[in-house]
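Enquirer: Residue-level listing of the chains:
Protein chains: 2
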Amino acid sequence: MPVGTAGSVKGLSPDEIRVSGTQILLANTYHLMLRPGSDLVRELGGLHRMMGWDGPILTDSGGYQILSLRERVRIEEDGVAFRSHLDGAREFLTPERAMEIQADLGSDIAMTLDHAVLLPIDAAGARDAAERSLRWGERSLRRARACATPTGARQLCFAIAQGADDPALRAEMAARTAKLGADGYALGGLSVGESKEATWELTRVSNEALPEDQPRYLMGMGTPLDLVDAVALGVDLFDCVLPTRNARNGMAFTPDGPMNIRNAVHARDPRPLDPACACAACLQFSRAYLRHLHIAGEMLAHRMLTLHNVTFYQTLMKTMREAIEAGAFERFADAFRGRYRGADA
Amino acid sequence: MPVGTAGSVKGLSPDEIRVSGTQILLANTYHLMLRPGSDLVRELGGLHRMMGWDGPILTDSGGYQILSLRERVRIEEDGVAFRSHLDGAREFLTPERAMEIQADLGSDIAMTLDHAVLLPIDAAGARDAAERSLRWGERSLRRARACATPTGARQLCFAIAQGADDPALRAEMAARTAKLGADGYALGGLSVGESKEATWELTRVSNEALPEDQPRYLMGMGTPLDLVDAVALGVDLFDCVLPTRNARNGMAFTPDGPMNIRNAVHARDPRPLDPACACAACLQFSRAYLRHLHIAGEMLAHRMLTLHNVTFYQTLMKTMREAIEAGAFERFADAFRGRYRGADA
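Protein sequences, first through last, are from chains A and B.
For the first sequence, the numbering used here begins at 4 and goes up steadily by one.
For the second sequence, the numbering used here begins at 4 and goes up steadily by one.
Keep in mind the hints are simulated off the structure, nothing from the lab.
Check the hints yourself; a few may be wrong.
[Unchecked claim] Chain A is faced by these chain B residues, among others (derived, beta-carbon under 7 Å):
1) S11
2) G14
3) L37
4) P39
5) G58
6) P59
7) V208
8) E301
9) M302
10) Y343
[Said to hold, decoys possible] Reference listing, derived: stretches of chain A covered by chain B, where coverage requires no fewer than 3 residues with Cβ under 8 Å from a Cβ of chain B:
11) 34-43
12) 283-289
Given the structure is predicted, the values throughout are model-derived calculations rather than measurements.
Beta carbons are placed, not taken as given, at the ideal position from N, Cα and C, and that holds for glycine.
All chains, full assembly: derive it from the sequences and hints.
Expert: Dropping the structure here:
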């Protein structure tokens with residue numbers, strides 16, 4: 004899922020999102036709650052109609068902002084008090100309110116409110132946040148059943164399992180969360196300070212405890228290599244800002260690894276970003292021109308690198324789906340890892 | 004002509020420029036000379052190929068930057084010395100060099116180097132710059148005949164008449180410039196401090212001295228009302244940053260006048276910018292959403308307002324062409340002026 008924090012995948016039009024191969028996108032409850040406000044989104048007919056996007060939308064719950072905006076947050080059992088990053092206004096987000104807002108937004112998949120924590124954390128803190136995430140998950144699901152979207156369309160609800168970096172706690176919380184009867188399950192609070200080895204061990208034990216026949220969603224990840232490794236562990240769904248945010252910083256993803264378009268080596272290069280890519284950037288423009296546009300601060304550079312990167316991510320996911328169906332996933336993964344070079348985030 | 008200073012109409016893709024109704028766009032010699040460099044543009048096959056734009060392109064000569072960058076400029080008879088606004092590097096632009104660069108860029112229409120001046124200016128200064136513009140025009144045209152574009156395509160050359168705010172000098176310079184045998188003629192150095200009444204008087208006397216059967220180009224203007232007034236005086240061609248620059252500041256042009264999308268009155272308005280407009284912004288998005296995107300600093304706001312504004316300008320020009328052909332220009336102009344309200348720049 005490309006990320007459309009404020010109700011727009013930064014730089015892309017709905018047509019371009021579609022053409023990139025995107026099947027579903029993510030929007031952020033916390034940000035939309037503050038601006039333009041969920042009441043306005045409902046009044047405008049919901050996110051789909053407001054954004055002009057007729058594909059599925061998943062909304063997060065605001066739980067991740069407990070971690071990312073931790074300086075502006077106070078946790079209580081009833082919910083979380085935020086001071087708005089926009090104007091300092093006080094907001095109180097309960098599990099119930101998180102579901103009401105997501106119903107206003109009219110997303111196809113809502114997420115339960117969870118309590119994400121930064122690592123390292125002690126055992127008591129990890130247990131406390133994980134148990135709270137489970138209690139909030141129950142409260143979220145109960146309220147979700149009573150909410151209606153602007154169009155009356157049914158909204159699915161995924162529950163989030165936490166557990167910090169303790170494999171036993173992760174396994175336990177995944178198993179208990181799986182009993183909530185949600186429409187899908189997510190692993191929250193990963194890739195927030197632990198080693199990559201730990202991320203995959205925690206993903207593995209969590210996935211083993213989650214139902215195989217329901218979606219498993221690894222939140223907030225990752226690099227192309229991360230996606231391959233996570234799919235190998237049974238993950239179905241991701242969201243990540245890398246393809247869009249890094250595009251604006253001049254990074255283009257390619258099968259050979261990331262490319263920094265600012266580098267002087269591209270200054271006179273007439274080739275496209277990736278000769279094998281069929282996105283509008285690669286069909287129309289040279290690296291030399293895209294580098295010029297990026298250095299000149301032209302919006303078209305951000306647009307084209309974003310379109311290319313989202314296309315790259317969606318093509319990677321599509322190729323993995325096809326490889327799985329053909330029983331050739333391991334072969335694909337080895338080939339991809341063998342070609343892809345460099346630190347990619 | 005929408006303005007693509009650095010080789011990109013800010014915010015728009017080549018497809019969108021085309022769909023907006025644009026027949027020809029402008030790019031800036033001075034800016035492209037500094038970055039990415041005209042040698043690189045030639046190496047990449049010229050501006051059309053570099054930008055992915057197969058319609059006509061007009062390049063200015065750098066003469067306007069004598070005025071807009073006057074703190075960084077020293078005029079000599081041979082040419083103009085610039086200190087680059089990017090890195091302070093010294094550049095010397097002669098009439099000959101201006102044409103060589105434009106040949107490298109491979110534009111369809113090149114402009115002669117002129118000496119534009121800010122108003123007010125005394126009679127001697129006005130005469131001096133106007134005579135120099137004529138001499139530089141002759142030198143430009145002579146060199147242009149010896150230059151080749153990257154593709155070998157023929158390049159037309161328009162000459163620029165100056166004359167500050169003295170109608171007699173303007174009439175004289177237009178008549179003398181018309182004898183240069185250029186492919187078209189431009190009025191330079193207007194709307195640079197004089198009253199609107201003076202602009203139109205100077206345009207009128209200049210146009211009377213220029214051939215009716217060749218294009219007359221009013222450089223650097225203007226608002227929608229300006230375009231109507233100038234067409235009434237026989238102007239054929241314009242370039243202006245208003246539709247693109249003002250879009251990025253939140254201004255949308257409509258038949259009722261300019262609209263500031265930031266205004267609170269639009270916050271909950273489900274209507275498009277202009278219900279009669281068929282641009283992608285008006286077909287897909289509400290004022291409320293575009294206002295939200297603009298306030299949130301989302302690129303899509305800049306893109307959509309730019310697309311709308313360029314479409315508005317091109318539709319206005321197309322409607323005027325059709326009205327002229329139907330012998331109904333005055334009726335159209337009266338109706339347009341009667342409906343359009345407000346200061347529009």
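Enquirer: For each hint, tell me whether it holds in the structure or not.
Expert: The hints, checked one at a time:
no., hint, verdict
1, S11, "holds (5 Å)"
2, G14, "holds (5 Å)"
3, L37, "violated (10 Å)"
4, P39, "holds (4 Å)"
5, G58, "violated (14 Å)"
6, P59, "violated (18 Å)"
7, V208, "violated (39 Å)"
8, E301, "holds (5 Å)"
9, M302, "holds (5 Å)"
10, Y343, "violated (28 Å)"
11, 34-43, "holds (count 3)"
12, 283-289, "holds (count 4)"
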